[in-house]
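Student: If you're matching them up, the sequences are chains Z and H in order.
To get our numbering, take the position in the first sequence, counting from 1, and add 58.
To get our numbering, take the position in the second sequence, counting from 1, and add 58.
One thing to keep in mind: the hints can contain errors.
Stated by the list, open to error - Here are some chain Z residues pointing at chain H (derived, C-beta under 7 Å):
| id | residue |
| --- | --- |
| 1 | S380 |
| 2 | Y419 |
| 3 | G465 |
| 4 | Y694 |
Unchecked claim - Computed footprint of chain Z on chain H, listed as stretches where at least three residues anywhere in the stretch have a Cβ under 8 Å from a Cβ of chain Z:
| id | segment |
| --- | --- |
| 5 | 127 to 139 |
| 6 | 246 to 258 |
| 7 | 284 to 296 |
| 8 | 433 to 443 |
| 9 | 701 to 713 |
Worth flagging that the hints you see were computed from the coordinates, not collected in a lab.
Ideal Cβ placement from N, Cα and C applies to all residues, glycine included.
Protein chains: 2
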Amino acid sequence: MATRGRVTVNPDLAKERANATFDVDNLTNFINGGVAATKRKRYLQNLAINDPELQDRKPWACMTREEQYETALRKHIHMNKRMEEMDITEQRDKMEYLGTGANHESSPIGVHTSMFLPTLQKQGTEDQKRRYLPLAEKLSIIGTYAQTELGHGTFIRGLETTATYDPKSREFVLNSPTLTSMKYWPGHLGKTVNFCILMAQLYTNGKGHGMHTFLVPLRDLDTHQSLPGVELGDIGPKFGYNSNDNGYLILKNVRIPRENMLMRYSQVLEDGTYVRPSNARISYGTMTLIRVGIVTTVSRCLAQACVIAVRYSAVRRQTEVSPGGPEAQIIDYQTQQHKLFPLIATSFAFYFTGLEIYKIYNVVNTSVEEGNLDQIGDLHGLSAGLKAFSSSSCCAGIEVCRLACGGHGYSHASGIPKIYVSTIPTCTFEGENTVLYLQTARYLMKCFTKVQRGEKLPGFVSYLGTDLTAKSTLKSDVAIDCLVLAYEHRAARMIKAAAMNVQELVQQGLTQQQAWNKTTQQFVWATMAHCHAYVVKTFAMRISNSNLDDKTKKVMVAVCKLYAVHGMLENLGDFIQDGFLTGSQVDAVTRKMMYLLEEIRPNAVALVDSFDYPDKALDSCLGRYDGDVYKALYEYSKASPLNKKDVLDSYTTYIQPLQRSSGTSSMAKL
Amino acid sequence: MATRGRVTVNPDLAKERANATFDVDNLTNFINGGVAATKRKRYLQNLAINDPELQDRKPWACMTREEQYETALRKHIHMNKRMEEMDITEQRDKMEYLGTGANHESSPIGVHTSMFLPTLQKQGTEDQKRRYLPLAEKLSIIGTYAQTELGHGTFIRGLETTATYDPKSREFVLNSPTLTSMKYWPGHLGKTVNFCILMAQLYTNGKGHGMHTFLVPLRDLDTHQSLPGVELGDIGPKFGYNSNDNGYLILKNVRIPRENMLMRYSQVLEDGTYVRPSNARISYGTMTLIRVGIVTTVSRCLAQACVIAVRYSAVRRQTEVSPGGPEAQIIDYQTQQHKLFPLIATSFAFYFTGLEIYKIYNVVNTSVEEGNLDQIGDLHGLSAGLKAFSSSSCCAGIEVCRLACGGHGYSHASGIPKIYVSTIPTCTFEGENTVLYLQTARYLMKCFTKVQRGEKLPGFVSYLGTDLTAKSTLKSDVAIDCLVLAYEHRAARMIKAAAMNVQELVQQGLTQQQAWNKTTQQFVWATMAHCHAYVVKTFAMRISNSNLDDKTKKVMVAVCKLYAVHGMLENLGDFIQDGFLTGSQVDAVTRKMMYLLEEIRPNAVALVDSFDYPDKALDSCLGRYDGDVYKALYEYSKASPLNKKDVLDSYTTYIQPLQRSSGTSSMAKL
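All chains, full assembly: derive it from the sequences and hints.
Tutor: Shown next, in the form of structure tokens:
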């Protein structure tokens, strides 16, 4: 159960829960990975729920920018301390705890933990680690990862900040040589940090050696004042992330000692001699892990939006289904089911996909640590596209959930705007989605060339060798195996078409690059199809290989099929353009989708309950476990900053003069 | 030209403008409806641009909720006064003026002008109009239209507020009998208004007579304090519209005189006798006009987002197209063109559609005034679906524009988040989109039945009688006529399929209502297809019937075709499921789209320039006419409220203690 303790529940919601055909706890345990994991998760959630330091003094949306920053700083520093005291070190445990204590409130120390510390650990020398890690772990020094510049984001080679080695003083001289070279966007760079890891173009002995990382102090550790030569500040209000002081930084002849370059791989010797790293791909590790993590993260954000929209749709009644009859729960409308149930399925699909590729990441990472780099390309090809596909799909889904709540979805009281604006950056950061699709596309192009040459491919792209003249054997039962094959056929056909287009253009006399540039949109479509096939297959395998009890498994099979048939109908042209599916097979798929909506209907609330988010994490008047939405909305409204007084000062300034001038006061008692 | 006076323009943008193949002013004049209209528009824009009262003292996003409300109140009252002084009375003139002076800053007196005044004018008696209109026009009384309740939105019959007539005192007694009956959402109900037009269930002599409108004083005209029995306030922060004090209202035995019912149509006599109106459909007029207006409004909002994203894409350079070469303007990437150019086309498509249905509205309205109500159903069927289709398409497009700006699109500096959050409510208000699609669907179902019976239909649905066995004659030139026919074929087929599904389910024994309920999703798809066909056809006709010069016409034909082929590929399954288009025709359409992107490329900036939005209306660092985006971003950042001091007080409270405790101060000069 998502909310602890006994509560009086809205009768519509209570009825929904009583009518579910499966045991919610079984599904929750399956999601979490066992009874013990669920217990641990709830223990961590309760730590946050019951901590008086983590209660908000007013609704998040009612706070000013400054208050949001200060509140987030207070809460995150407190949680960091508590995690240290309680020895909470597992990434997953931290996510549960932080996600309950300050959900979707971007942490003003988050990049310190997710990027500054790991980079120091991975790229620092033993000496650097000994010196800085203990301080950084205690937050005595707080750092960020300063990569993105005003003029450059995803294209790292274009970054302009320079670090020029001066052998006389044995220092690097750091500069922002242009307006566009100022660092812009790094998390909590503006006000919070006193250090950063700086990405800069290294120059030594008159030669450039590309991007390297440097440890740079930015603020005085006694006074927190910005150091000489350092100009920095907050970049200003954003769509979301406003508790985070994403910052800008301009460096003017700032000198740091030679020892402040992170030299585990590349080195600059005292005389300025540059020593190159043995393998440049080593640094991909952190970014890949973050992209893998995004798949899980966005699935959880969508799941939260689904909890809110589905519970509210069970409570909200609107319009008589038959004239004079009672108003229906809006979840009973086919159109509402068609909006929300595929999104429940999407949350599960990407959650399981996230687990799967995390498993793969760990296998590859172990190989890499053992010096075997063979699979890095495969993992990169897989994770880049899935990061893009999962973030686009889940973010679009969150906005559908919000709109499915009608007018109240637009209020911050619904909690969904906060989820949306805090999730949507995943489409842009850690590699802009279109750029990432095209990175995976290049990988798929290579795979296709291997297939042409008769070479063997890793499991998740082996379908590229499939016989494209085959037709679907899908029958009216719409078996999941047939759906998986259809997705693979679609992807294989589209990847082949795109690759052939490049080859044909080259034969017509274009360069490889020109031909590629004219085929990128086709490759984006093909890569989406590839990712879609991977997700459908992974979801289907997770369910069929599971040890779920029969009742729960039956529900999850329906959810998995819904994901597949819905996606098929949304992209129908791709599946039928070459006649792989016939018109009557398409009719069967359409009927199946309508049938699945009806089949899932009685379990909709139980399915979102199984995601197991406590009210504190959802922070939503509409998504409350008890369904008491209208009272909650009224209470939310009363807390509005405009309601401090009945008559605002602006009345006297702007409205009263209009009335004084025209004698309405004689009507005052009208 | 969008920005007056001489400015130094970024060389990339200057080059774009020099390379355009058509004269921007010609297209601007075509959009506006002539040279005189353009002159008038610029005059009105300049009034706002040059008015010192309308300059913001800091960036909009840097203001607190209270400051946004107060700023909007100040500006809108000022503009209202100026419009009165300058005799600016045309709706279109007002839009230009207000849209430049306070773009996307929801007006705290907007509903007063758009709903309160017109309702008084249309539904008030002569006596009521004489008494209240002069005061309302001077803003001496400010009102809102209080319809939506906490528990009911689009379904008006479900509203619960009561007005019970008391013949003894000749008064109506107003009550909010339940928690869910409180009025919730009406614009500026919370703090600004002193009156409202209340929608309430009328009871007299023991009988209910459904929804009626009443003029209700809410605040004392001398003191602005809320009157006895009236509890009201702001509903709290929302996704957007935060300069608007959307409010809640609870009424407890509030008495108003009998004369305060708006009695032009229905009446309650002194003894409580109810006199019903001669025709209930009269009241549809205002709502239809607002829906018609939304089509134009959302097209303009998308156009603004396009201006920003396209100009920025011409200025932004990222990644080498060939290794070692210069970084390319991102607008040169096919994927970026595929995101943005169809959206430029979409803005035009809905703009012209808006003009067309406004023309139809005026024709129908004239008939109605003459007592002929025959066409009200047709107009309602047309406007409901188009409101839904235009708002969904344009809002989704705005978010695509934002994401196409990469990381900087996420900053409020881009201006696009403000456009998005102020436009997205159009999907929900004045009838939730899915509900509206289904209203048009019912109309289409009726039309289909008429076709089955061999009856004649009005022009814009006459295609329903088309021969569905025909195949497309589309050739490699992809003629616009063939595209229009394809869209009509698609819609006719889908409407027939949905209607037949209802008829079949009824034959199987379901009631009409049950059969309908199981076909609603299919009908939503079919209605979208219908609207899409209408928009494509209207766009094509506007261009082919235009008196544009050849060069401009050539560009606009390409833009129109792009709208059609892009929409076809996005919904490909619909067009090929029954074999209407062959695989090779689809290939021709795909090639055509890629070709059109290249054809439009040199004119992309000129096309968005033709929308003629001054910098003040765009309020965007990225969309500036001069392209000086990076300096603007830097200036925006410096204005952040967090940058008032180098070291914030929160440092001392939360961060300093972490450092004091671990001796980092010894490293202070590191």
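Student: Hints first: check each against the structure and report whether it holds.
Tutor: Hints, one by one, checked against the model:
1. S380: 5 Å, holds
2. Y419: Hint on Z/Y419: violated, closest Cβ of chain H at ~25 Å, above 7 Å.
3. G465: Holds, about 5 Å.
4. Y694: 5 Å, holds
5. 127 to 139: holds (count 5)
6. 246 to 258: holds (count 3)
7. 284 to 296: holds (count 7)
8. 433 to 443: violated (count 0)
9. 701 to 713: Our answer is that it holds, as 9 residues pass the Cβ test (under 8 Å) against chain Z, meeting three.
Hint violations for this structure: numbers 2 and 8, all remaining hints satisfied.
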